[in-house]
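Student: Keeping their order, the protein sequence lines are chains V and D.
Using the working numbering, you'd call the opening residue of the first sequence number 1 and step up by one each time.
Using the working numbering, you'd call the opening residue of the second sequence number 1001 and step up by one each time.
No lab work stands behind these hints: they were computed from the structure.
Predicted, not measured: the structure shown is a model, and the values here were computed from it.
Backbone N, C-alpha and C fix where the C-beta goes; we use that ideal spot for every residue, glycine too.
Check each hint, because a few of them may be wrong.
To be verified - Pulled from the structure, derived: some chain V residues nowhere near chain D, Cβ distances all over 10 Å:
1. 37
2. 40
3. 119
4. 128
5. 159
6. 167
7. 229
Claimed, not checked - Straight-line alpha carbon distances no greater than 35 Å define the calculated DSBU-like cross-link-like pairs of lysine-lysine that follow:
8. 198/V x 1246/D
9. 1198/D x 1246/D
10. 246/V x 198/V
11. 1246/D x 27/V
12. 1246/D x 246/V
13. 1027/D x 246/V
14. 246/V x 1198/D
Protein chains: 2
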Amino acid sequence: MAPTQRIFTAALVVIGDEILSGRTHDKNIAQIATWLQIQSIRLKEVRVVADDPDAIVEAVNTLRARNDYLFTTGGIGPTHDDITVDAIALALGVPAIVHPEARAILESYYETRGGLTEARLRMARTPEGASLIPNRYTGAPGIRCGNVFIMAGVPSITAGMLDALSGQLEGGAPLLSETVGCWVGESEVAQLLGDTEKAFATCQIGSYPFWAEGRTGANFVIRSVSAEDLAACSRALIDALAAIGKPAVPGGI
Amino acid sequence: MAPTQRIFTAALVVIGDEILSGRTHDKNIAQIATWLQIQSIRLKEVRVVADDPDAIVEAVNTLRARNDYLFTTGGIGPTHDDITVDAIALALGVPAIVHPEARAILESYYETRGGLTEARLRMARTPEGASLIPNRYTGAPGIRCGNVFIMAGVPSITAGMLDALSGQLEGGAPLLSETVGCWVGESEVAQLLGDTEKAFATCQIGSYPFWAEGRTGANFVIRSVSAEDLAACSRALIDALAAIGKPAVPGGI
């Protein structure tokens, strides 16, 4: 499919008390953000919510309405605290059912692993009308219902589900970026950055300071959907830094 | 101050295109979640939003209204893409001003570092009526306005600001937790977990599966504000696991 200039957006709802308590350090935000960039889909907002049906319904319904795609992670295992499928069925206004194809996958997976118990059968439940996202690691599939994609909480399992979805979702104009590093305090070049950005209507410049090797530096990330403007803006920034005696490091530090 | 049984809640808004693009892996969610646990304040929700005034205003106004405390990270540096102070002033319905005390701090900090330029003076701006949160690393302070706490994006700077706030905010009944590990697939014990939780009204049990050493295991985290119920529920869980031939590992695996 040829890329169009329309921008496709996504949101992510991370579900889990263990993230909010600080017990588990989330890895899915960065993983899904990176994957979406590659699909030319912009991640617009992330929410982390508790294992609470009302909180999940509110986040899912708000964000699926204003984005092309909505992803969730967490809460699709076999135990009593895994309530994501029921909450999303509630949000979508459909019943949660045992999905025949998911049941067959789990029957086969658990055939040599003690059989498909009632608890394990919970992992075959989906909102009515859903299709499945393969999970090559542990059988229990991810779930797609309309523009909602229900993924696992365990990052390695979600990685496999993202692999299965790669190239399957329509994306828009890719957001291109170039990074220019410089050993300079960002406050010394704030005016210069603002002026450079203003001169290129399609470009945004983000400034990310750091301290390393006992010195102050910053990386400037220029983003644009236009390859031509991106190159011109990067060039202009490198020239402007050189003019004040601060050589730029193309590609960043 | 004696702890009360009222539960104090907080929300966090992480502000930054660099998180949503996957370029930067957020560390502030885990850092602030952990710090809040220690202050006996419950983190209820996190939102990650773009460097966009409307998105910031919406998130800040929704979440400050329904929590005791609201924290933000990111967007308080000297460059054009640092718009947090203006967006929060807009959300609060007050002007953004140059805070005299913040100006004095920055004048002193930059006295031997090239002086207080117009760009650096941006870091002295606050919503009107704010007080300051000390930043021992780079001068530029965090900001408190009512129940809103505006922190840096750089995690080490935010860590210093959190240190300065430690013990300063009223917290409620601490949420206690105990972890019990077991070499068992969580689907084998799903019923047992649900039954154990139901037997202790003040307790919640979270189930966190993992794969390690070629085996399936899970940690079960029991949470309660009652130390007595917590101990009884942990004991009941350990006994129930032993009864099916699965010895528990107190403290978790």
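Student: Find the nearest Cβ of chain D to the Cβ of residue 167/V and say whether that gap is larger than 10 Å.
Tutor: holds (18 Å)
Student: With the threshold set at 35 Å, check whether the alpha-carbon distance from residue 1027/D to residue 246/V stays at or below it.
Tutor: Within the cut-off at roughly 30 Å; holds.
Student: Would the pair residue 1198/D and residue 1246/D pass a check requiring their Cα atoms to be no farther apart than 35 Å?
Tutor: Holds - the C-alpha atoms of residue 1246/D and residue 1198/D are around 21 Å apart, at most 35 Å.
Student: Quick check for students: does the CB of residue 37/V sit more than 10 Å from each CB in chain D?
Tutor: Answer for residue 37/V: violated, closest chain D Cβ roughly 5 Å.
Student: Quick one: work out the minimum CB distance from residue 229/V to chain D and report holds if it exceeds 10 Å, violated otherwise.
Tutor: Holds: least Cβ distance 17 Å, greater than 10 Å.
Student: Please confirm whether residue 40/V is truly not at the interface, meaning its C-beta sits more than 10 Å away from all C-beta atoms of chain D.
Tutor: holds (12 Å)
Student: Verify this label for me: residue 119/V is non-interface relative to chain D, using a Cβ-Cβ cutoff of 10 Å.
Tutor: violated (3 Å)
Student: Is residue 1246/D within 35 Å of residue 246/V, Cα to Cα?
Tutor: violated (64 Å)
Student: Over 10 Å from every CB of chain D: does residue 159/V meet that, or does the non-interface label fail?
Tutor: holds (14 Å)
Student: Verify that the Cβ of residue 128/V lies farther than 10 Å from every Cβ atom of chain D, and report whether the claim holds or is violated.
Tutor: At about 23 Å from chain D, residue 128/V clears the 10 Å cut-off, so the statement holds.
Student: Going straight from one Cα to the other, do residue 1246/D and residue 27/V come out at no more than 35 Å?
Tutor: Between residue 1246/D and residue 27/V the Cα gap is close to 30 Å, so the pair holds against 35 Å.
Student: Against the 35 Å threshold, does the CA-CA distance of residue 246/V and residue 1198/D hold or violate the hint?
Tutor: With Cα atoms ~65 Å apart, residue 246/V and residue 1198/D exceed 35 Å; violated.
When each numbered hint is compared with the structure, violations occur for hints 1, 3, 8, 12, 14.
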